[in-house]
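Enquirer: The lines below spell out each chain.
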Amino acid sequence: MTDTEEILGVSNRHVFEVANGSIAFGGNQALEAVSFAMTKGQLLGLIGPNGSGKTTLLNATSGIYPLNTGVINFEGRSIEKSSPHEIARAGIARTFQIARIFPRMTALENMLAPGFTVRDPDTEDRTTLIHRAKEHLEFLDIDGFAHEQAADLSGGQRMLLQFARALMLKPRLMLLDEPFGGIHPLLVERILQRISDLRSRGIDFIVVSHDLPTIMGLATRIIVLANGRLIADGTPSEVREDPGVIEAYLGV
Amino acid sequence: MDYYLLSQLINGVIFGLIYALIALGLTIVFSIMRVVNFSHGEFYMLGGYTLYALTSGAVTFFSIPLSMPTIIGLPIAMVAVAIFAIAIERGMLRPIYTVRMDRPEEYAIILTFGLSLFLQYGALTVVGPYEMTPGAFWEGSKHILGDLYLAGDRLFATGVSVLLIGITIYFIYGTWTGRALMATAQNRVGSTVVGINTVRMNMIAMALAGLLAGAAGAAMAPIFLVYPDVGQIPVIKAFVIIVLGGMGSIPGAVVAAIILGIVESLGSVYISVAYRDVFAFLVLIGVLLFRPHGLFGQKERRA
Chain A
26 MTDTEEILGV
36 SNRHVFEVAN
46 GSIAFGGNQA
56 LEAVSFAMTK
66 GQLLGLIGPN
76 GSGKTTLLNA
86 TSGIYPLNTG
96 VINFEGRSIE
106 KSSPHEIARA
116 GIARTFQIAR
126 IFPRMTALEN
136 MLAPGFTVRD
146 PDTEDRTTLI
156 HRAKEHLEFL
166 DIDGFAHEQA
176 ADLSGGQRML
186 LQFARALMLK
196 PRLMLLDEPF
206 GGIHPLLVER
216 ILQRISDLRS
226 RGIDFIVVSH
236 DLPTIMGLAT
246 RIIVLANGRL
256 IADGTPSEVR
266 EDPGVIEAYL
276 GV
Chain U
18 MDYYLLSQLI
28 NGVIFGLIYA
38 LIALGLTIVF
48 SIMRVVNFSH
58 GEFYMLGGYT
68 LYALTSGAVT
78 FFSIPLSMPT
88 IIGLPIAMVA
98 VAIFAIAIER
108 GMLRPIYTVR
118 MDRPEEYAII
128 LTFGLSLFLQ
138 YGALTVVGPY
148 EMTPGAFWEG
158 SKHILGDLYL
168 AGDRLFATGV
178 SVLLIGITIY
188 FIYGTWTGRA
198 LMATAQNRVG
208 STVVGINTVR
218 MNMIAMALAG
228 LLAGAAGAAM
238 APIFLVYPDV
248 GQIPVIKAFV
258 IIVLGGMGSI
268 PGAVVAAIIL
278 GIVESLGSVY
288 ISVAYRDVFA
298 FLVLIGVLLF
308 RPHGLFGQKE
318 RRA
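Sequence order for the protein chains is A and U.
Taking this note's numbering, I'd label the letters of the first sequence as residues 26 to 277.
Taking this note's numbering, I'd label the letters of the second sequence as residues 18 to 320.
Everything labelled a hint here was simulated from the structure, so no lab data went into it.
Where is the CB? At the ideal position from N, CA and C, for every residue including glycine.
It is possible that some hints are incorrect.
A partial selection of chain U residues facing chain A, derived with a Cβ cut-off under 7 Å [stated by the list, open to error]: (1) 120; (2) 121; (3) 193; (4) 203; (5) 207; (6) 209; (7) 210; (8) 211; (9) 212; (10) 213.
Beta-carbon label-pair distances, calculated as ranges [as the list claims (entries may be wrong)]: (11) U:22 - A:149: 53 to 63 Å; (12) A:245 - U:216: 32 to 42 Å; (13) A:148 - U:308: 41 to 51 Å; (14) U:293 - A:206: 52 to 62 Å; (15) U:161 - A:155: 37 to 47 Å; (16) A:62 - U:100: 46 to 56 Å; (17) A:179 - U:184: 48 to 58 Å; (18) U:246 - A:155: 48 to 58 Å; (19) A:245 - U:100: 27 to 37 Å; (20) A:179 - U:283: 27 to 37 Å; (21) A:103 - U:96: 51 to 61 Å; (22) A:146 - U:78: 39 to 49 Å; (23) A:206 - U:308: 47 to 57 Å.
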């Protein structure tokens, strides 16, 4: 860290930061004092056994289950009290393990459903919005299904559709929950390629995955959760060697 | 040409359109908010009373009796009921989706059911059990063709229904806000993470329900008069209609409402008028037996 950065303080360097985040559901402590910070350009892999709090952490970040205590900062603004749509409009997009698409709309209509709320009224009208929606569908190679009902799409196509739909927000941070779960290896390759394309355009990622080889290869940094606590934080090779991580995965 | 049969068919369609107006609000609130609004019939009642209060001269405002023309009273009654509906959404229903609670559906049922009783008995206490008659929208009976005559007020109510159903369908399917409403109905969490303010969508749904029920109540007031439980029978039919049409389906509700109107009308003539309000339930039982997801409802693949 340089002197200037030290004077400016950490929050300016960190594009995204969770400090002491805790959530309890009834008596179950789903997240316990989780803290980490992310700098621009990182791809954070979030791993841990089932029930370790990975999805809860994404839900807290996107405002679905607000933190009981703690702080979440995004680009220097605290967002832990904001509602999900405000967080989405602020630039944090999100996908789910089971794609939350709109089943009785076509793929293109899915893209446009939030159109009015996500567009910039000065620069985007109906035509440019539809154009952008088609571009995103093309980017993920599902433009052929633009006029299919979303309910008729396969699991993999639904996953790609919610990915494309998230891009409508022009996000700067994307939270992906199990983007490779139950998906054909060729499709996984395509998603990996797209993630890398988007990173080169300046989008940061937090990716939750159980697919350890894939996430270890993809992430620049890995965070390990177990029972709601952060037990390791480092590069993939550091985390792979960590005795606490090995115990959490194999000892349970 | 059998003008008697024709007039009964037309009457059926007219009633069907009015039922559709009531059912639309109910189905919109159900699909957006997942709230079964048992007080919807009282929105209808309030529409009728508001029209009466504004137009009859029986109510004074700074010692000036209010006796505006009914045609002006109608839109004011709609807006008044919509404001009331928004107040209910803000004040009473909002905890269902902003506070994490154990049984939101049950809370909503008990709340709207209680509200329904409160409003009915409130009206009974404030204005009494008497039937009140607002002035006509379009007086007298109108010659259509041959021996066919229809009451002006029924034609007026039909026109209001067609207009408002058309506007509602355009609003839902043809505007950005309508798309956002549909998205909210189809996946609430999915909508909120793409930037749709679902709390605002709830408010819009309730306002729409208030506008439509208020319009129906006011438009029907000169025909069926106004009394505290005037909303009960229409709202029961609206429930039948949204099950018949498929919960949450807007075209389904309109088609089902017209079918129900015709069945009732012909049933009253050819079977017995005493069973008029029973036909709805016979149709309901039939649909539940043979097509439980409704005429337009879709069986969903649930993940």
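Enquirer: Would you list, in rising numerical order, the hints stated earlier that this structure does not obey?
Expert: When the structure is compared with the hints, numbers 1, 2, 17, 19, 20, 21, 23 turn out to be violated.
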